[in-house]
Amino acid sequence: MRGYKLLLCGLSALGVLIGSEAQAYDLNNGRLLASNCTQCHSTNVLPKSGGYDSLVGESYNEIYGELREFKQKFNTVTKTCTENDPKECLMGVHAMPYTDQEMRDIAWYLSQR
Amino acid sequence: MLRREFVKYLTAGAAGQFILPMAGANAASTLNVFIIGGGMAGATAAKYLRVWAKRLAIDSLVSVTIIDKSDNYVSNIMSNMVLTGEKTLTSLTYSYANLKTKYGVNFIKGTVNRVDLENGWIYGQINNTGPTDIVMNATPFNRLVLAAGISLDYSTFTLNVPAQVYANPYDAVPHAWQAGAQTTLLRNQLVNLKAGNHVAITIPAGPYRCPPGPYERACVIADWLRVKKPGSKLYLIDPSQTADGRPPVEPNNFGHAFTNIHRNLVYVQNAKLTDLTASLSGATKLKTLSIAPVNGTPGNAINALSAATALTVEVANVIPKMQAADLTRSILATGGLDADSRWAVVDEKSYKSPVSGVYVIGDSIKSANQPKAGHIGNQQAKVCADAILREFSNVALYDAPVTNSACFTPVTTALNRQYGARASWLTATFRYGLDTDNSYRMLKVSTNIESPGAPSKDNFESMKKWFTSLMQDVYS
Numbered sequence: 011m012r013g014y015k016l017l018l019c020g021l022s023a024l025g026v027l028i029g030s031e032a033q034a035y036d037l038n039n040g041r042l043l044a045s046n047c048t049q050c051h052s053t054n055v056l057p058k059s060g061g062y063d064s065l066v067g068e069s070y071n072e073i074y075g076e077l078r079e080f081k082q083k084f085n086t087v088t089k090t091c092t093e094n095d096p097k098e099c100l101m102g103v104h105a106m107p108y109t110d111q112e113m114r115d116i117a118w119y120l121s122q123r
Numbered sequence: 168m169l170r171r172e173f174v175k176y177l178t179a180g181a182a183g184q185f186i187l188p189m190a191g192a193n194a195a196s197t198l199n200v201f202i203i204g205g206g207m208a209g210a211t212a213a214k215y216l217r218v219w220a221k222r223l224a225i226d227s228l229v230s231v232t233i234i235d236k237s238d239n240y241v242s243n244i245m246s247n248m249v250l251t252g253e254k255t256l257t258s259l260t261y262s263y264a265n266l267k268t269k270y271g272v273n274f275i276k277g278t279v280n281r282v283d284l285e286n287g288w289i290y291g292q293i294n295n296t297g298p299t300d301i302v303m304n305a306t307p308f309n310r311l312v313l314a315a316g317i318s319l320d321y322s323t324f325t326l327n328v329p330a331q332v333y334a335n336p337y338d339a340v341p342h343a344w345q346a347g348a349q350t351t352l353l354r355n356q357l358v359n360l361k362a363g364n365h366v367a368i369t370i371p372a373g374p375y376r377c378p379p380g381p382y383e384r385a386c387v388i389a390d391w392l393r394v395k396k397p398g399s400k401l402y403l404i405d406p407s408q409t410a411d412g413r414p415p416v417e418p419n420n421f422g423h424a425f426t427n428i429h430r431n432l433v434y435v436q437n438a439k440l441t442d443l444t445a446s447l448s449g450a451t452k453l454k455t456l457s458i459a460p461v462n463g464t465p466g467n468a469i470n471a472l473s474a475a476t477a478l479t480v481e482v483a484n485v486i487p488k489m490q491a492a493d494l495t496r497s498i499l500a501t502g503g504l505d506a507d508s509r510w511a512v513v514d515e516k517s518y519k520s521p522v523s524g525v526y527v528i529g530d531s532i533k534s535a536n537q538p539k540a541g542h543i544g545n546q547q548a549k550v551c552a553d554a555i556l557r558e559f560s561n562v563a564l565y566d567a568p569v570t571n572s573a574c575f576t577p578v579t580t581a582l583n584r585q586y587g588a589r590a591s592w593l594t595a596t597f598r599y600g601l602d603t604d605n606s607y608r609m610l611k612v613s614t615n616i617e618s619p620g621a622p623s624k625d626n627f628e629s630m631k632k633w634f635t636s637l638m639q640d641v642y643s
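Chains X and Y, in that order, give the protein sequences. Count the first sequence with this note's numbering and you get residues 11 to 123, in order. Count the second sequence with this note's numbering and you get residues 168 to 643, in order.
Where hints are given, some of them may not hold.
[Stated by the list, open to error] Quick list of simulated restraints, FRET-style, between CB atoms:
1. K89/X with L601/Y: 15 to 23 Å
2. V394/Y with R123/X: 43 to 51 Å
3. A500/Y with D110/X: 42 to 50 Å
4. Y321/Y with D110/X: 48 to 56 Å
5. G587/Y with K97/X: 54 to 62 Å
6. G75/X with K267/Y: 37 to 45 Å
7. R584/Y with D95/X: 22 to 30 Å
It should be emphasised that the hints constitute simulated quantities derived from the structure, not laboratory data. The C-beta atom is built at its ideal place from N, Cα and C for all residues, glycine as well.
Input sequences plus hints: build the corresponding full structure.
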């Protein structure tokens, strides 16, 4: 996968048409967006004890899937949580702003920790 | 994998996709960032500048220095629990040791007096001793981040404190809104109360640091008083008013707590402090608060004040009106402040000031939607750090950064036999975008969302995790 990413970067630099897969993960944007997560969830640049669950070791698919699931727990029309569980509601609010692309960027960045 | 990220970073620019014009300080070959203030925002900016610079393999080009008057940071978050004896200030104290040793952040202890923006020199007193206006930085900065927090404005009321009551008149009105000695002062005054003595908390006009803070404080002190000082009341004096008489902040959470839990809490809306006079009654130090309606028309018939009145209590916790730190306002006096000269104007996409080379983060900024609080200050700092590194590398800023605010708040204490220690929370998310007035700023993308249901023990346990994690993100 690492070679794949590098290859895509190289193609981008050469001005080759970038396919949807190549656009899927922008590490620069992922770095900034995912920093919202590190307030509560560990990455490997941080020590961790006594806080919320760490995201260290979670795969891209796990994190992306969780973000999508949480996002659905907030109703963007009524701007209310669709879950009465406080933890689910809190994460619903936090996942809500992100586009699908941004959730992919976040998941990719965090899965590389 | 650092190389992959670095390659992507460079190729994005090399492809011409994100290239920005290089101008002024951007042309410098190294970044020398000085951050004034090592609180939640300043310390986070320092850490993430270094962490991300390392990930981008440019850390040898990025020097970061914090200047703070103290070797340690005392957290305002959770400091209301020091007032009730549930936490100690020591447990809320964080050193800069990790930032220095793990991330290579430089630290200078001292008090800044002024800044030469043109030449990059900072003048002040090193180690808070000796000459007060000497150069503090060995090399001139090319980026300055102001994260100096707030200063307090007592001009909204008159303070009459005879010397025989308090040698220092401000000891009659401890604010305890900057954790440390003030927290201890207020704690001691509360402990020394006799049963049946009363307490008042006055809320300032907004914006102020930590919007839920006064209501949280009212809850935990009322809970503590009920057990420790039977017969004592807590008066909460609020300049805001709402149609239903519930607090303007977290109306569900605090409304529930005020009505159903804290029966010794007297909540008064539409009320502002105009005068406080201290006096002695025997050995007891009394404070008489003159209270006046803010609005001539009370907003409700429940608790909105309709006519001026007076209130005498034994402890007066006056939370004063706030503004950006005096130093911040001085540095930005020409072109960097809002119309009232109280808060720093920034572009919330990068936290860049109109004053060249300066960024402002945290509680000092004027923001239409983002609150003033440590949690969101932490995230603003990351957006700022990212912007500084992108600009340095000639990579376009992220179009629409996202920040979030989350605030857990204790509503009862462990002393409460019926409820135990319970908490609630408030959260909101923000994204940079075009507002209806055709200006770009951080917009709310969620409304303020309160924790569902009544304050709970689960929320209290989550609060501990939230605080632990957040402080690790800043200082560990």
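Which of the numbered hints are not met once you compare them with the structure shown?
Per hint list: single violation, 5.
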